[in-house]
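There are 2 protein chains.
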Amino acid sequence: MSRLVTGVRSFSTAASSMLAGVTSARSAGHPSSFQVFRDVPQLRQLRRQLLRNDRSVGFVPTMGALHEGHLSLIREAARENTDIFVSIFVNPTQFGVNEDLSSYPRTWDSDVEKLEQLNEELAKATAAGSDTPTGRISAIFAPTSKVMYPSMPPSSEIDGDGSFVTITPLSKKLEGGSRPVFFRGVATVCMKLFNAVTPDRVYFGQKDIQQTVIIKRMVQDFLIGTEVRIVSTTREPTGLALSSRNVYLGERRRAVGLTIYKALKAADEAYRSGKTSREDILGAARSVTKRVLAEQEALSPTERALFEADYISLADPDTLDELDLVDRSKGAVLSAALKMAPLEETKPGEDCGLGDGKVAVRLIDNIILQPQQ
Amino acid sequence: MSRLVTGVRSFSTAASSMLAGVTSARSAGHPSSFQVFRDVPQLRQLRRQLLRNDRSVGFVPTMGALHEGHLSLIREAARENTDIFVSIFVNPTQFGVNEDLSSYPRTWDSDVEKLEQLNEELAKATAAGSDTPTGRISAIFAPTSKVMYPSMPPSSEIDGDGSFVTITPLSKKLEGGSRPVFFRGVATVCMKLFNAVTPDRVYFGQKDIQQTVIIKRMVQDFLIGTEVRIVSTTREPTGLALSSRNVYLGERRRAVGLTIYKALKAADEAYRSGKTSREDILGAARSVTKRVLAEQEALSPTERALFEADYISLADPDTLDELDLVDRSKGAVLSAALKMAPLEETKPGEDCGLGDGKVAVRLIDNIILQPQQ
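Going down the list, the protein sequences come from chains A and B. Following the UniProt record's numbering, the numbering of the first sequence begins with 1 at its first residue and continues without gaps. Following the UniProt record's numbering, the numbering of the second sequence begins with 1 at its first residue and continues without gaps.
Among the clues, some could well be false.
Copies of the same chain are indistinguishable here, so a pair counts whether it falls within one copy or spans any two.
[To be verified] Straight-line C-alpha distance at most 25 Å; calculated DSS-like pairs for lysine-lysine:
| hint | residue 1 | residue 2 |
| --- | --- | --- |
| 1 | Lys330 | Lys216 |
| 2 | Lys124 | Lys265 |
| 3 | Lys330 | Lys146 |
| 4 | Lys146 | Lys172 |
| 5 | Lys330 | Lys358 |
| 6 | Lys290 | Lys339 |
| 7 | Lys173 | Lys330 |
| 8 | Lys358 | Lys339 |
If you are wondering where the hints come from, they were derived from the structure by calculation, not from laboratory data.
Use the sequences and the hints to build the structure in full.
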């Protein structure tokens, strides 16, 4: 650990450069409500101090680009812990060689602003004498790549050298099929973050269902002393699952992208109505995607948004093995990935999202088919 | 973690079966000086209690078959910590498919007896008012395979599924060349043990030099909050490095096995006398092994002990890359593996070791070529 450079500062919106080594005030008269750590040793010091004072730490790892989904994880953490640590780190090893690491949205200032506002909200809830006092965000951990990958440059090659955590066969399924290094990167960075923070509880969103299954498995298999909490997916009023990538959608693709959720809901209804076979359940989903795609194809290039269904899966909740038949006492994970193609032609003044509709956007979503008596 | 079965008992030599769920007394009137844990939750409870009381934990992971080398690690840990945790677990994932997992010595009763005696020694040292009070062994962690590998049977196949830590390219070098799953197994089990114990310091013997390099790298890369201490190799008066496998040697092979140390010493002398080229340093070692082998081959099958040099390596201390030239300011790791063949013919009454001289024994040893000004 001796090679790690010590670094800690309190956040200041006035001096928003990540590299400025200052200060304790958010702006004149508004002290910052949390500390920002760029390195591990002083984060550990705070953690140890909290432990000695019998305080509990809930940890929410993020890659920034915070949205209501992330905030819902933090609110959940605030119900169960006195202190919340949030990490913001865009992890290179979970992006494939040809994937979108450089285009991943980086929105530090607005992220911090959202966290400050959330802390004010949490403080008010406590002050207003809500039944259960809530915890607060105490620390943001925003490490450099060198802090997270100290000995070798992080590799995104599947056979690249480095220090990795692998969880197979789970990580080869579903999302792992098209993204072979993704869950190796996720498990590896989470192991590092968990070791740096040593949280009592960690919070993940159900939206990334395979990630939740892999993290639960990692915590179990590696005897990690933390509890994993899964928080249900936050959705737009239409039902579209929140995602940092949604900013690339624009209005037209946002509307058509909702198909993924509608297809899953149709399959869930089939299950609730008594169907248990793969054919019946996934058939209900596929008939939705087929119908919408046919409708879109009938429209002109200035009106339509085309997409491809990458996969629709019906799988065991622990192993993610595909199921031919759902055991109603155990339930299942119904998940899908859908790739929104770039818009073919845009209209003047159209809201096409970040990147003017030229960026393909892969949407994922899932529903848990609940166990029934 | 919820699948882990809670289990803790105090050790009792009277009821030495590992599976008996008893008791607190070592034997009538002699309370046991440490607790034996078979599972994680109550070990964690003790650890947390020690943390709150500002006590420090040094951790010595072992596979049992304890000898003076292990005890020297514990004595070192006692100098720096109030409490010492020792694990005894023969880790299946570090044995290859065709390796000697089943024949690895399992000596629970004598291991515990040695630890009890060592605790008495440590208590006496403190009572006698030695300058620095020493810590004591507080806990033995002797988990089942199911506790250590809770979700899937542990695989020893290089492409087998499971949850693993891989540290490459370090783990492919030297010992990893002939044992492809070895360091994956070591890193994986150590990550689990470190998570279960969360020690302030961990102790490893220099004898397994590649293991020490890999563990240091793992601790650094995964931001593990512990310090790694390397303790110099304990040797028999002749110079032979202690090893659990030495019990298989017998007198004749024990004498010839010393060749590995003599060869390393000759190379170290070449380095100390000013040589820095690979040819000069390793040449000095090889001339020793060649000479001894020629001497042995001249003897009759009832007198001789044959061996093969597996490798002799001159490597960088951090990367284990082979060196053509030693940078004197940095030093190097000089290491070797030597395989003692089974005895061809034995003599009546001869001490041939466990297995009657029929077991091939692979010896490893190393010397650090010290950096010089």
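Evaluated hints:
no., hint, in the structure
1, Lys330 with Lys216, "within (17 Å within a copy, 43 Å between copies)"
2, Lys124 with Lys265, "neither (37 Å within a copy, 71 Å between copies)"
3, Lys330 with Lys146, "between (43 Å within a copy, 23 Å between copies)"
4, Lys146 with Lys172, "between (28 Å within a copy, 24 Å between copies)"
5, Lys330 with Lys358, "neither (42 Å within a copy, 53 Å between copies)"
6, Lys290 with Lys339, "within (14 Å within a copy, 66 Å between copies)"
7, Lys173 with Lys330, "within (20 Å within a copy, 46 Å between copies)"
8, Lys358 with Lys339, "within (13 Å within a copy, 63 Å between copies)"
Checked against the numbered hints given earlier, the structure breaks hints 2, 5 and satisfies all the rest.
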